[in-house]
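There are 2 protein chains.
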Amino acid sequence: MQSAEARILDRRSPIDALHAMLAPEMAAVDRLVHERIGSAVPLIPDLARHLVDAGGKRLRPLLTLAAARLNAYRGTAHIRLAAAVEFIHTATLLHDDVVDVSTLRRGKIAANVVWGNKSSVLVGDYLFSRSFQLMVEAGDISVLSVLAQASAVIAEGEVLQLRTTHNLATTRDEYLRVISAKTAALFAAAAKSGAMIASAPAETIEALRAYGHHLGIVFQLIDDALDYSGRQAQMGKSIGDDFREAKVTLPVIVAHERANETGREFWRRTIEDGAQHEGDLKRAIAYVDESGAIEETQALARFHMDAAMTALDRLPPHQLRKTLQDVAEFCVSRCY
Amino acid sequence: MQSAEARILDRRSPIDALHAMLAPEMAAVDRLVHERIGSAVPLIPDLARHLVDAGGKRLRPLLTLAAARLNAYRGTAHIRLAAAVEFIHTATLLHDDVVDVSTLRRGKIAANVVWGNKSSVLVGDYLFSRSFQLMVEAGDISVLSVLAQASAVIAEGEVLQLRTTHNLATTRDEYLRVISAKTAALFAAAAKSGAMIASAPAETIEALRAYGHHLGIVFQLIDDALDYSGRQAQMGKSIGDDFREAKVTLPVIVAHERANETGREFWRRTIEDGAQHEGDLKRAIAYVDESGAIEETQALARFHMDAAMTALDRLPPHQLRKTLQDVAEFCVSRCY
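Chains A and B supply the protein sequences, listed in that same order.
Note that numbering that gives the first Met the number 0 has the first sequence beginning at 0, numbered continuously upward.
Note that numbering that gives the first Met the number 0 has the second sequence beginning at 0, numbered continuously upward.
One should not assume that every hint holds.
[As the list claims (entries may be wrong)] With the Cβ distance kept under 10 Å, some of the chain A side facing chain B (calculated, not the full set): (1) Ser38; (2) Leu42; (3) Thr91; (4) Glu136.
No wet-lab data here; the hints were simulated from the structure.
Beta carbons are placed, not taken as given, at the ideal position from N, Cα and C, and that holds for glycine.
Chain A extracted, bound-state conformation:
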């Protein structure tokens, strides 16, 4: 039995393995998400379903479920919390689409292009409210406090990101503050809330929070590196979104810092002035590549991977613990 399961896991990514181990609970989360997307106002489920069904790895709700299961939770409130976490994430994506004038999201046409900015803002608000209703139903006010705090931090992170956009003076520290707030805060809160609802001991809650935080940092670092990946482009994956939106991510910070005068001029024009022409993305990828920025980003990701794995070492041995550690490792090599 154990070895059959092990064989199955071998053929899959650790994220797939996590899905398989939590399949019944994830199915319940999916049902709840689809139920709560419902509204007497037809546009709302249409728009929300467009995004929810596009999928993604559902890594955040998986963290909530895994943290609850790791602590032998027997109730059903973790399903509501996981759905709430997914709703916060989906609302953020909808508002991101408005914000960044992006046209592709998860490989589908962005909701704002199909339905207009207005709808994306309002349906995002709706999902955000729904997420709070789910938290209320989960019935634990300290968990609610953690997720409400995370929501505020995410919004702060997104605002901070606006200030770093077009701004080549952005420091590594500022960049880390942005990704810590806009991405890692929800990963951390997702894992922490699963442990809290299971009444785990304080040090276990802190271990899972730390794991989520570091995993979120890894996830975003690799995401930012992949956006300048020539290999991704060869595989037909969409890249260059950050470049087009003039986001100042770690690859840009490093490449700009190490550039000669021609290179600096290039980054000033394309990022600071936002004046981009055909062929610029290719040049940007080349500059990033030769600067060693990808290696520096990966090295930092490995540092946070280690921190994520070490955080879990404090927990008792468990197949789920091992899988979560594998997920952290996998995210460095390739995250989605």
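Chain B: place on chain A using the hints.
What follows is chain B alone, placed relative to chain A:
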């Protein structure tokens, strides 16, 4: 003393009287709002303060405070709830500015014009999160549930309004659903939550909810009528926002319904097609005026004013009860 107070109240509107009666608590709400607007990210307080300091009558938090005071509440959680209510309202305004491409809000340049749509969406999200944190601090999960539900209903109402925009087939029922959701739901929840936190009996909670609901309907009906008021225009007040945004409010529904073929053609062009030229607002006001739409809107407002006042008749006599009834009456004659 009583007569001195009565004389003071005479010179003021009932909303001013309500402010005077709840002055220490409103001062505490204001302090809390300004404290919680704070963020290490500088743009956030700048943008939020722009809107919060523009003022408005703060009618919604006043309802929460009044409902708590009416029920002899002795704690401090109502301050947090009132601030949460004001934050929900402010977040809605910020997202409305994005949504409707409006350029004026409370007589000041709309935040999105100064700071960009991106910032308005994200700072709205931040304030929305902050409102939930305040509710968590208030510590009553059933009150939290009421306000989370109201937030979802508001978003639904705004989406529904998108569907009625440019749509002359909008019925009176659909219009009432929109204003009930986008405006009256928060008035109702604001009053209800104040009664709940004070552990008022169920029938008192229901009476205050009903009062808030009907007052919200009155408020929005009169707001929508004033947007076509030639008198307002003469007084130098901004009008015509709804017309420019092609919102189908009750004045438009009635005026269109009673128009001759030339009139219908006018509404089709300006509202359905959104093709508006100079002089059209003046024509719209004339059509609305001669159709008797303002009288019908005011009559409906008086109906809801009566319902609001009757709801409060169930409560024991109290100076605040009287003032709330005066507010409902005042809102029909002139609401801001």
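Hint status (Cβ of Glu136 (chain A) to nearest Cβ of chain B, threshold 10 Å): This hint holds: Glu136 (chain A) lies near chain B, its Cβ roughly 8 Å from the closest one there, short of 10 Å.
Restraint check, 10 Å cut-off on beta carbons, for Leu42 (chain A) near chain B: Nearest chain B Cβ about 6 Å off; hint holds.
Per-residue hint verdict: Thr91 (chain A), partner chain B, C-beta under 10 Å: At about 8 Å, which falls below the 10 Å cut-off, the nearest Cβ of chain B leaves the hint on Thr91 (chain A) intact, so it holds.
Interface hint compliance - Ser38 (chain A) to chain B, C-beta minimum distance less than 10 Å: Since the shortest Cβ distance to chain B is 6 Å, the answer is holds.
Checked against the numbered hints above, the structure violates none of them.
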